[in-house]
Amino acid sequence: MKVEAKLEFQTSTVPKTGADLLIDLLINEGVETLFGYPGGAVLPIYDAIYRARGRIQHVLFRHEQGMIHAAEGYARIKGKPGVVIATSGPGATNLVTGITDAMMDSLPLVVFTGQVARSVIGTDAFQEADVMAITTPITKHNYQVQSIADLPRIVKEAFHIASTGRPGPVLVDIPKDISAGNLTEDPKEAVIDLPGYQPTIKPNPFQIKKLADSLSKAKKPVILAGAGVLHAKASAELTAFAEKHKIPVVTTLLGLGTFPADSPHALGMGGMHGTYAANMALYESDLLINLGARFDDRLTGNLKHFAPHAKVAHIDIDPAEIGKNVPTQIPIVGDAKEALLQLSEETAAMDDLEHQAWLEKLEQYKQEYPLWFKHDPNGMCPQWLIQAIHKVTNGEAIVATDVGQHQMWTAQFYTFNKPHRWITSGGLGTMGFGFPAAIGAQMAAPESTVVAIVGDGGFQMTLQELSVIYERNLPVKIIIVNNGALGMVRQWQELMYGNRISESILHTQPDFVKLAESYSIRGYKIDNQEDLIAKLPEIFAYNGPVLVDCRVLQQEKVFPMIAPGKGLHEMIGVKPV
Amino acid sequence: MKRIITLTVQDRSGVLNRVTGLLQRRQFNIESISVGRTETEGISKMTLVVEVEDEQRLEQVTKQLNKQIDVLKVSDITEKAIVVRELALIKVASSSQLRTEIHGIIDPFRADIIDVSKDSLAVQITGKPEKIDALIELLRPFGIKEIARTGLTAFLRGYQPQVNDFATYSLSK
Ligand SMILES: Cc1ncc(C[n+]2csc(CCOP(=O)(O)OP(=O)(O)O)c2C)c(N)n1
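In order, the protein sequences belong to chains A and B.
Position in the first sequence (first residue = 1) + 14 = my numbering.
Position in the second sequence (first residue = 1) + 53 = my numbering.
These are computed hints drawn from the structure, not numbers from a lab.
Only a predicted model underlies this, so the values are computations on that prediction, with no experimental measurement involved.
Check each hint, because a few of them may be wrong.
As the list claims (entries may be wrong) - To give a feel for the contact side, a few chain A residues facing chain B, derived at Cβ under 7 Å:
(1) Phe140
(2) Ala143
(3) Met146
(4) Thr150
(5) Gly210
(6) Pro213
(7) Thr214
(8) Pro333
(9) Ala334
As the list claims (entries may be wrong) - The calculated PhoX-like cross-link candidates involving lysine-lysine, where the alpha carbons are at most 20 Å apart (straight line), are:
(10) A:Lys318 - A:Lys351
(11) A:Lys318 - A:Lys539
(12) B:Lys120 - A:Lys338
(13) B:Lys116 - B:Lys126
(14) B:Lys120 - A:Lys216
(15) B:Lys116 - A:Lys338
(16) A:Lys260 - A:Lys216
(17) A:Lys216 - B:Lys198
(18) A:Lys260 - A:Lys351
All residues carry an ideal CB built from backbone N, CA and C; glycine is no exception.
With the hints as constraints, model all of the structure from the sequences given.
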């Protein structure tokens, strides 16, 4: 496709530098916030940022990993690309985890890295890294700018690629002589020229018909809703469709909130720590409609036992996802919203699908095997803690988690009834993600309550960003689910490695309250339920950042669970143990 | 199974890296790869010969290649009516006495001698890979000093038979 776009420069002051042009281009794209960290190779860009004060805001993080996770959280909530700037070499390599994370979870990012001057590229110059080679497998696309004249096109293309089709990270590597170089004239237009990139939005009507037809015959239909529903902003369409035809819905971890958890047709999350009803629905189904999920192995369990009786329909904007893990009888390439709209039209006349027995069976599973935990009068149950947070926030908060047990408990017990409230690292499972992602979310939604629910392990990977929430007075509420351990690792060691607890206990901890205070942030330490109930309202009423060190029961495990190699129907810990 | 896959790509830096990196990550063995410019400026063509286990993996790799932004078209042409050629340079040990004998061997292959020195000569041959293999076998007794092959390059014939019973080009030896 070719798109011609006029550039509106606010200042037309030739001569200016490549870096000035870059900032103009970003403002032109509607970018309001830059997540960045300076360094030698991006000094010209930082000089341009200085000149552009008041036109664009830059937030200085304390580590590049923190800022890119923040950009991911921002992108997730804002629905627009998060924009990141890092210097060459170590700045760029510190981004690798975040770029990979965004790639796995299809989050739109535009990442600018500085590069050494073109004359010394390839000579192992100071702070040189081969960022193009390093990021090729972890970006949707990447560019190295070879001429100032290419900047307008590359920036336009980068935003276009990052935010359309299946979203993802795009990296633009800018040699220092380009950003420092002088413009000889104002480039007036940017032309997107991407003949090889044409995402299919509208699905094939014939395939939609086939799916409608299969649905009319199905006795045990189930919808699996993934993050593709979020990207397509198709929650309302999904809800209307599923409720009209009374089709039960399982969500993936990243799909939480795409379908209201309190709907009678909601089965909850599927997969390794999903609900029994959700997993049995996938297992017993005769028609599985995958809507924007990628059949991750944490969801499917052993593929041999995944939906063994089902005809599989897979709707995805990325054709390469279809048939990748699970053989698909009805492949539908397209946007989830478009597909649902067409499907709703096609099935409008079908009123009563004959699957009452199926609904009753699933309802019975839901009643008989709900998620559970046991109260312990002597300590604080992490699951109960999550429910208490749900209560005090009315279920309306934006919740970002880190990775580990607390992540799964939050997925299980903070019932998400609305989309765009849930931020977690699903595909890469990145510890250190949660807290900075919450910062980005708070920047994207200043009026919302944002909670970061983190483990004591993962929080210590990116806690330096406490500086940022203080500096910007971002009222993020940090809840440390402190079990004194790398809980999820310990759980696996207990269950799968004969209780050999190898290097998963955190024998020393910082005093988290003092730590918060040293960053001028309010800190609380809470180790019992009464105290939590008493303090939570005050914590959430306070209009500023708060850190809460919650001491929870150390031995608590995440159940139910599908052990590695097992099938969906082989869950353990379904009943209270 | 061996497949011949052609890619039409935009001639931008890094595209070869993307293609080979993608195949490497998915553990496909690339037997040969050739890249060159086409009739259109800014567009290049790659011809890959890859070993693929089954249809499903083949479909996956085709889709993944197609997904690359700079890739315009991916075709598996193994089963089509195609023209396939490879070029090889073969340096053979040879004395002046043997030169005529070697000439007699390479002539039916329409190969040429393109360099001669005191104790060796260089043969150039183009053709289907098995033709090149055959010539190499015939030259082997003289003592082969060096071989350089370009890998396949291929495209569809101008006329594609409508029925399925045409002889397909086979890569199996
Ligand atoms: C960067 C990174 N390193 C290692 C892991 C492996 N890992 C997964 S969960 C986990 C333990 C997390 O512990 P903690 O943050 O305390 O959370 P908890 O499980 O106790 O809730 C580890 C080490 C990971 N996911 N990410």
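How the hints compare with the structure:
At about 23 Å, the closest approach between the beta carbon of A:Phe140 and any beta carbon in chain B exceeds 7 Å, and the interface hint on this residue is violated. For A:Ala143, the interface hint is violated, since its Cβ never comes within 7 Å of a Cβ in chain B; the closest pair sits about 15 Å apart. A cut of 7 Å between beta carbons decides the hint on A:Met146: the least distance to chain B is about 6 Å, and the hint holds. Because the beta carbon of A:Thr150 sits about 6 Å from the nearest beta carbon in chain B, less than 7 Å, this interface hint is met.
With 7 Å as the threshold, the beta carbon of A:Gly210 comes within range of chain B, its nearest partner Cβ sitting at about 4 Å, so the hint holds. Because the smallest distance between the Cβ of A:Pro213 and any Cβ of chain B comes to about 10 Å, over 7 Å, the interface hint for this residue is violated. Among the interface hints, the one on A:Thr214 is violated; its C-beta lies about 11 Å from the nearest C-beta in chain B, farther than the 7 Å criterion. Satisfaction of the interface hint for A:Pro333 is found here, the shortest Cβ-Cβ separation to chain B being roughly 5 Å, below the 7 Å cut-off.
Using the Cβ-Cβ criterion of 7 Å, the hint placing A:Ala334 at the interface with chain B is satisfied: the shortest such distance is roughly 4 Å. Taken as a hint, the A:Lys318 and A:Lys351 pair is broken in the structure, with Cα atoms around 31 Å apart against an allowance of 20 Å. A distance of roughly 47 Å separates the Cα atoms of A:Lys318 and A:Lys539; the hinted pair therefore is violated under the 20 Å criterion. For the suggested pair B:Lys120 and A:Lys338, the alpha carbons sit about 14 Å apart, so the restraint of at most 20 Å is met.
Note on B:Lys116 and B:Lys126: the hinted pairing holds, with a Cα-Cα distance of about 10 Å set against a maximum of 20 Å. Proximity of B:Lys120 to A:Lys216 is assessed by CA-CA distance (about 17 Å); at most 20 Å being required, the pair is judged to hold. Between B:Lys116 and A:Lys338 the CA atoms are separated by roughly 10 Å; this keeps the pair inside 20 Å, and the hint holds. The straight-line distance between the Cα atoms of A:Lys260 and A:Lys216 is roughly 25 Å, outside the 20 Å bound, and the hint therefore fails.
Note on A:Lys216 and B:Lys198: the hinted pairing is violated, with a Cα-Cα distance of about 59 Å set against a maximum of 20 Å. This hinted pair checks out: A:Lys260 and A:Lys351 have alpha carbons roughly 19 Å apart, not beyond 20 Å.
The structure is inconsistent with the numbered hints 1, 2, 6, 7, 10, 11, 16, 17, although it conforms to all the rest.
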